[in-house]
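Peer 1: Since the structure of chain A is already known, use the hints to place chain B on it.
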Amino acid sequence: MAVSRRRGDEGETARLREEVIRLLRRLLEKVKAL
Amino acid sequence: MSEEYWFGLVKSHLVETSAWARWRLPEAAKNAVLRKAIREVLLLIYENMGPDWADKFDWEAEFEKIIDYESAEDFVRGIVAKYGFAPTVEEQVERAKAEMVKAITEMLDEARELGPDVLREVRERVADLLGEADELRELRAKLERAEERAAKYRREARTYKQIADTLRERVRRLEEELSALRAGVRREAERAKPPEEVEVPLRPVRAPEGRPAKPKRRGLTEGDWREIKEEFEYLIWRELGRVPRIAYKAFRVRRRELEPMVAEMPREEAKEFAMREMEKEAHEVIAREREKRVAPRRAAPAIAVEEAPVIRILGLPRAARRYIPTWRAWEAGVPTSLPELFKSPIRKWEYVMWVDWLKKRMERDLRWAEKVGQGETIRKLYEEWMRDPEKAPENVRLEFRWAHEDFYTGPLKDEELEKFKAWLAKRDLSMDWYETLPEDMKKVVRAEFRIYGMP
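Heads up: the protein sequence lines correspond to chains A and B, in order.
Reading the first sequence from the start, the letters are residues 1 to 34 in this note's numbering.
Reading the second sequence from the start, the letters are residues 35 to 489 in this note's numbering.
Warning: the hint list may mix true and false statements.
Unchecked claim - Ranges of calculated distance between the beta carbons of each label pair, as one might list FRET restraints: (1) A:19 with B:139: 17 to 23 Å; (2) B:203 with A:25: 24 to 30 Å; (3) A:25 with B:210: 18 to 24 Å; (4) B:283 with A:25: 48 to 54 Å; (5) A:10 with B:139: 25 to 31 Å.
It is worth saying that the hints were derived from the structure and are not from the lab.
Note that the Cβ used here is the ideal one computed from N, Cα and C, for glycine as well.
With the rest of the complex left out, here is chain A:
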């Protein structure tokens, strides 16, 4: 149970990380285009 929740957390973190990276890339593009 604990393990699966841990996995679920990891999945959530990975998703979050992807999102942050995507957002940072977008910000990078926007700043470059300034």
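Peer 2: Then chain B, alone, in the frame of chain A:
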């Protein structure tokens, strides 16, 4: 006075002093570099000193050195250093941009190390910053338009400065926010190798201010229309040298048509669209006006040869032909005009007047030159001109003699009459001939007599 004006002034000065010819660049490049430098310097003056200072700036003297620089940028950097100006807003934005790009790239590298709490925090902040970046981009576009306008119309200088200041401030804030975020991320990334260790929530960054997204304005304001109208009138004026009455009517009609079309567009887009449409309209007005002006043009009336006094002049000796008006110059070779005469070297007997006049002019110039720490340079320049009138540029000589226009061109005094007759006679001319001349030409003859024939 606009960019165009200063460009004309500086260019003619460079041509006169032959610096233009010495400048080792292709002709088109010279124009482009000069124009760019003039605009940059004009905007710098607007940003740093205010619009009125543009008149006090010694454009001619400062720009004489442009031929020694590799590019407009280098030259402008020299001016910035000399006058202690703040760097241009463009330059500041570019510098801030480089910093921000670096910070974001580093954060991208470190994102893999971050724990969920920090990631959440970063996500919030970055989403916020994205909005700010968008607004900045709009502001930058606005600045570019304001720059165009400020270069054309001085009254726009204040608007330009306001936008430039806002942009500067906003870019600085974005940079600060990013670097704070960057510092927080770095700290956490170092600490949080195993995700469990992320206990301390990231709080180095100010909490998001939660700026609610403003609903974007739609359609155009009265101010926007005014701006568009001004642009419209300018386009026509530039081509025709005036704004015909039909132009105003065309604008009104077209505006009525455009208004419903742009009512639902976001403001920026609407403005661009309306601007483009009005530009087309302006070109139509210009074309129509040109057509109108060409159509009724009749053949020029033949010159009534028997009646033209100039024909009598043509029968006179060669020495007389130089006084023939410019419009008959093709018959007579190069005519002498007052400006040409006034630009000629200062004669020895004029020296006292020359020095007196220069002293007055120097006093006037020193008033502002000392304010900007240029007093010594100006004083030296004037002293050089006083010692050696040859060193003064011809436009200064021209100004000097215009200042004494009455002295040179005024009616002949009794005591001058004999000398004048003798001077004419020496050139095979007579008093009778002189009397046939129109007053303008008489003035030229008298000026030439006074400069060359008097002493």
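Peer 1: The structure should be examined with respect to each hint, and the outcome stated for every one.
Peer 2: Right, here's what the structure says about each hint:
A hinted range of 17 to 23 Å holds for the C-beta pair residue 19 of chain A and residue 139 of chain B, which are about 18 Å apart. At about 27 Å, the CB distance of residue 203 of chain B to residue 25 of chain A agrees with the hint of 24 to 30 Å. In this structure the supplied range 18 to 24 Å holds for residue 25 of chain A paired with residue 210 of chain B, their Cβ-Cβ distance being about 22 Å. Hint check: residue 283 of chain B to residue 25 of chain A, Cβ distance near 52 Å, so the stated range 48 to 54 Å holds.
Checked against the given bound of 25 to 31 Å, the beta carbons of residue 10 of chain A and residue 139 of chain B, roughly 26 Å apart, stay inside it.
Hint compliance for this structure: no hint is broken.
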